[in-house]
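Novice: Quick note, the sequences are listed as chains V and B, same order. Residues in the first sequence are numbered from 4 upward in steps of one, following the numbering used here. Residues in the second sequence are numbered from 77 upward in steps of one, following the numbering used here.
Derived by calculation from the structure, the hints in this document are not laboratory data. Quick reminder that beta carbons are idealized off the backbone N, C-alpha and C, glycines included. Everything hinted at is true.
Pairwise CB distance ranges, derived in the manner of DEER restraints:
1. L200(V) / E215(B): 40 to 46 Å
2. V238(B) / H176(V): 48 to 54 Å
3. L341(B) / Y287(V): 40 to 46 Å
4. E113(B) / S53(V): 25 to 31 Å
5. N180(V) / L384(B): 25 to 31 Å
In silico contact screen, one side only, chain B against chain V (beta carbon under 8 Å); selected entries:
6. L84
7. A95
8. T97
9. L98
10. P99
11. G100
12. I101
Using 30 Å as the maximum straight-line C-alpha spacing, the simulated DSS-like pairs for lysine-lysine come out as follows:
13. K37(V) / K115(B)
14. K183(V) / K376(B)
15. K93(V) / K56(V)
16. K183(V) / K291(V)
17. K37(V) / K216(B)
18. K56(V) / K216(B)
19. K36(V) / K93(V)
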Amino acid sequence: MGSPCELRLYANREQNAQQVANEAIAEINRLEKKYSRYRDDSVTTAINVSAGKKPGLEVDNETARLLDYAQVGYEQSDGLFDITSGILRKVWDFRSSRIPTQFEIEAVLPLIGWCHVEWVAPYLHLPFVGMEIDFGGYVKEYAADVAANICSQAGIAGGMVNLGGDICIIGPHPDGNGWKVGIRHPRNPNLPMSYVLLSSGGLASSGDYERFMLVDGVRYAHILNPKTGWPVKSLASASVYAEQCVVAGTSSTIAMLKGEDKGVQWLEDLGLPYICMNQEQEIYGTLKRVEGLE
Amino acid sequence: MGLKRSGLSPALAALTTAAMTLPGISTIVKAGAVANEPKLSLQYTRYDEDSIPSGDAAPEAGDRDRYEIDVAQIEFLYPINGQWQLTGGFVYDDMSGSSPWFVRPTNADGTGDPLVVMSGATIDDTRYDFSLKADYFGEKFTISPSIGYSTEKDYKAVSGGVEVEYESPNKATSVRGGVAVSFDEIDPTQLAGVTRVNNEDKDNFSIFGGLTQVINKYTVIQTTLGVSHFDGFLSDPYKQVWVAGSILPDSRPGDRTQYTWATRLRRYSELLGSALHVDYRFYYDDWDVRSHTLDLGLHKVTESGWALDTSIRYYSQTQADFYEPFYRQARADGEYSSDYRLSPYGSFVFRLGLSESIGEWTVKVAAERYISDKSYSVQSVDVENPALLDYTAVTFGADYSF
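Chain V with its partners taken away, still in its complex shape:
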């Protein structure tokens, strides 16, 4: 998945834990392969290759449900959560320290917009050659949910799945205590900005620290508005708790895309517990924090 992942389980027998862990890891690997945009044999590549060709592509049930989910995310975020926006990375190279020109950005904007996509399950048609979709914005969170679910179904009562900071709790420690989860500090990756205690559900974070560049003292992060093609001036990070990690992830992504004020309002309206840090490094939110050190 391109980031450190961990799976922690409690089971009576090591062999049993290993067997369940293997199943969960196999499922995570399956999802990564299936939706990787770097693999020639992935569903994502097949969809993107079909762009501009009638009548489009028939997709499997799992992909169909993921596309339905993307549609809901698009509708609920007024078009900010858009799985066709990945193509912006072709003009925004955050390793280059070069700001693209407005001309370059405007050249790709016509290829962005879920509203252009013809999606009538199970048929997906991307109408323009060069149009792309990318499941990267939520498939990792989905994989965390699926892996946790596999463990629960196999009878594991305590454990957690952590896929590069997207966390899904299988259940508390055997003594009933929750898992102490550190939330990354957006300006100091080695120091958690706070800890939360979780016994169930999912926690996902989004921030301006994942990919960014500083040009003339201005921070340009990968939180790109799909309508303008420009980075959004927003929170430094938003972490959201929800029953499903995928919902937590989408909610935090949308909060980042909305900018600080509207983003916080969005989280308040959702009623989900959250914690965020603004550009002034102030921490606030409704997710209950606990002391860091034992």
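Place chain B on chain V using the hints.
Specialist: Okay, now just chain B, sitting in the frame of chain V:
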């Protein structure tokens, strides 16, 4: 850390609902999901009916040993593609033993306790049952047509049906309905000196509708209403009745309409790490038989991988309006039956099952004990049918997923 349930925001509701339809996230509702791999299930069950106690049998009763039944089942599930799935089944039954023939009073003048007379000779019969079911998983509907054929020495039955299930887009609600028909033909083995029918048939038409609702992550409730109508020869050609000193054939009305209402509740308890089952069924038919069934069960998967199933079922029924253990006088309508299955009684079933997955195999073993008695009935019963059944069953099974 629960979510604020009241006033759930529309955006959160929409995202959560969409997330719950993602395969692999929703755990409880499995309906409408085509299996990924072919699966073979093998099962063997041995039923051992208790002998009739000597105090309940007439001196001339004959062999008091009741049926021993061996049942072997094979089922093969084959997913054809993402939308179609076929399930083929075969059941082989082999039964041998005696069965209650008729009930007579202790004394020839119609007084005294009822006593059972058994079928004279040991009965041996074999039944073969074939079935085929297809499931079509459409965008919104699952449609499942099925056909069946069953045959034994003196009996043939063909059946068919179709079930349709609609699942709401959020998968929290599903509505199911179906119809089924069967046509049975009986050609009883004749016995010198006993009047038995020749070549009779009966037809059945059934219809049902039900609703399943996922209440939350832990709770599912299902309720179903059904009506079933039988028409034709509904008597038991091998049973007789004692009527004022004469022995007459079992003779029941030519049609019967049955109504059932069943509700099932499944609740997962995190505290117990188990799923609890509470099932209740009410039954009524126009022969005036009413019954209540309550089934309480617990399903637990232990951390070592064993699955434990245990349940208790309680059942109580009233008698059919024309039933008597024996008849002191003839009835004007000519309807007679002393079949213990139409008598008033109550019963308990105690069941324990264990299963474990080993690689591609799941092996199962289960045992159940069934006991019935007039005293278990909800209402008080004056005279118990002496042929009430008790049995023990043991099942061994194995499933293989390819």
